[in-house]
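S.K.: Below are the chains, spelled out letter by letter.
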Amino acid sequence: MNNVVDLPRPVLNVSPKLLLYAGIAVLLLTGVFSSYYTVSSDSEAVVQRFGKFQFLAKPGLHFKLPYGVDTATIVPVRRQLKLEFGFGTPNSTNRDQSGDEPELERDMVTGDLNAAQVEWIVQYSISSPEKYLFQVRSPGATLRDLTESVMCEVIGDRTVDEVLTIGRTEIAQEALKRLKSVLLGLDMGITAEQIQLKNVHPPAPVQRSFDEVNRAQQEREQLINEANGDYNRVIPKARGLADQRISGAEGFAVQRINEAQGDVARFKELLLQYDKAPAITKQRLYLETMNEVLPKLGPKIVIDEDAKQFLPLLNLK
Amino acid sequence: MKTIIILFLTAIGIIVVSSMAYTVDQTEQVFITEFGKPVGKAINSDPAKNEAGLHWKLPFIQQVNRIEKRILSWDGPASEMTTRDKLYVTVDNFARWRISDPQVYFTKLRDERSALSRLDDIIGSETLSVIASHDLIEVIRSDKDRKPARDEALTAANSNLGLLPPIRYGRSVLDQQILAAAQPIVKAWGIELLDVRFKRINYKSGVIDKIYARMASERNQIADRFRSEGAGEAAKIIGRKERDLLSIQSEAYRKEQEVKGKADAEATGIYAAAYNSSPSAADFYQFVKTLDTYQKTLGKDTTTIFTSNSDLFRLFKHIEAPKAP
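Going down the list, the sequences are from chains A and B. Using our numbering, the first residue of the first sequence is number 1, and each one after it goes up by one. Using our numbering, the first residue of the second sequence is number 1, and each one after it goes up by one.
If you're looking for bench data, these hints aren't it; they were derived computationally from the structure. Please note that the accuracy of each hint is not assured.
Unchecked claim - Pair by pair, the computed Cβ-Cβ distance ranges are:
hint	chain 1	residue 1	chain 2	residue 2	range
1	B	258	A	233	27 to 37 Å
2	B	194	A	23	44 to 54 Å
3	A	66	B	64	57 to 67 Å
4	A	273	B	299	42 to 52 Å
5	A	59	B	166	51 to 61 Å
6	A	59	B	155	55 to 65 Å
Please read these numbers as outputs of a predicted model, since none were measured by experiment. All C-beta atoms, glycine included, are put in the ideal place defined by N, C-alpha and C.
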């Protein structure tokens, strides 16, 4: 069974008064919600009334006039910001951090009309939030353009060797100096703090030739070192050997003289005795010597002085 | 009924007031038009004065036109150009500008897009003519007096290396020339051109290969030089080694002989002095030395034949030794 029940229709009995109150309530609520703002600790707020700049608000909770009379723009003044040139770190929060054409930014012509590839970064911060907002429409992009221009100018006054090796820190310092003076003139509320050169290298097609120079330099040092090593291996030893020979000779000299003196001393002693009895001494010495010599000799033959023709008797070999 | 009338009047009031009041932001300049015709002076147009805030106008018939006050940037397209020395380069420069006369700007250009395209034309063509009338080096370099730091190791190998070609004007002068030429033209559109600067200058792809070839040959030359230097230095050291070796050895020989010679001489002197001291000494020396020689020279391979009348064997035949003759 179907029981059709007539439910009483809800009557929308809205009086103009209720509408008015509702309107006022909405108005009040939006008023309340648009009458305060909070500034985080790394930022400051630029407060404008009817578009006119009033003051800077420090971090914390603040109240303002509602309904768009006062507006507060929050600017991260204490944040260290960075722009990258010639390369790009993906997923950065700063929209201007990396350029659209890093491979074009990288290529530079040096002052001696060579080519080099330079990657660098600039670190900056917002020093004056109201100037940052009011002076230049796109401060980040402007800073990019200026930095690139300044770097191109500095590289354009350096030789390729200064860019690649000997002048790197000087280039970063000079570029920062020039960028600072340009920013000072522009008064856009940005302070450049640091410029750092990152990868700097010759263009890929000539990289091999540049490496070759380094290799050749190493080879040169190696050849010289080897030759020096050879010298050091041979010469000190030769000096030692020379000293040895000279010392040997000196030893020989001392020995020779000592022996001579010894011989002479002995001789003199003998002579002394000899002079006392020359004949007998001679005889004694002679016999003593013969005593020593004869046993050592080979075949000995004693012949009578009268014997003639003894030769056939000898068994000569 | 009364409340409805009050509400109605309030609504009318709000509409009128809101059409009379307008705000000017720090970042904008404003001028008023009546049926499209500009009236009065522009508001907040002077960069030195701050006229931002709440302003009033006639309701309904006057309209507010808002124009950017801040400094704007122009970054033209990179374009290929030829320098006076016939080198093909890609030049990219940028400029900063502001709207100095909003009414003129508004009537002549209408919006920023057409302003940018005019700037493209004007700055582009001025850049082209400045580049065409200077050598490439004038765009690249800027400081006339700069002395480059040179790497001694490389410049020793090639003295042409590490030098900067001289310039007469330099980049900033060229920037100024472009700015000076473009400024009066864009002024007619209510635009003030603040500066023009070169951003990128690069060799065109056809030229770059030649540059690379030159760079490579320059470096290879240095590498060859280094290798040759290494071989030369090594040869020098080896030569010195040989010289030193020979001189050390020969000097040692000389000293050795000197020392030995002196010793020999001295020994000879000592012997001579002793053996020559008297006739009997000489005689005795001769005798002793002869005996000594027998002792040293005769051995078992010696066959000796003695005669019986020798001093040694005199007694063989006679007990009484005959007197020696």
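S.K.: All the hints need checking, so say for each whether the structure fits it.
M.R.: Each hint, compared with the structure:
1. B:258 x A:233: 27 to 37 Å: holds, 29 Å
2. B:194 x A:23: 44 to 54 Å: holds, 50 Å
3. A:66 x B:64: 57 to 67 Å: violated, 23 Å
4. A:273 x B:299: 42 to 52 Å: About 30 Å separates the Cβ atoms of residue 273 (chain A) and residue 299 (chain B), which means 42 to 52 Å is violated.
5. A:59 x B:166: 51 to 61 Å: holds, 55 Å
6. A:59 x B:155: 55 to 65 Å: The hinted range 55 to 65 Å holds for residue 59 (chain A) and residue 155 (chain B), with Cβ atoms some 56 Å apart.
Checked against the numbered hints given earlier, the structure breaks hints 3 and 4 and satisfies all the rest.
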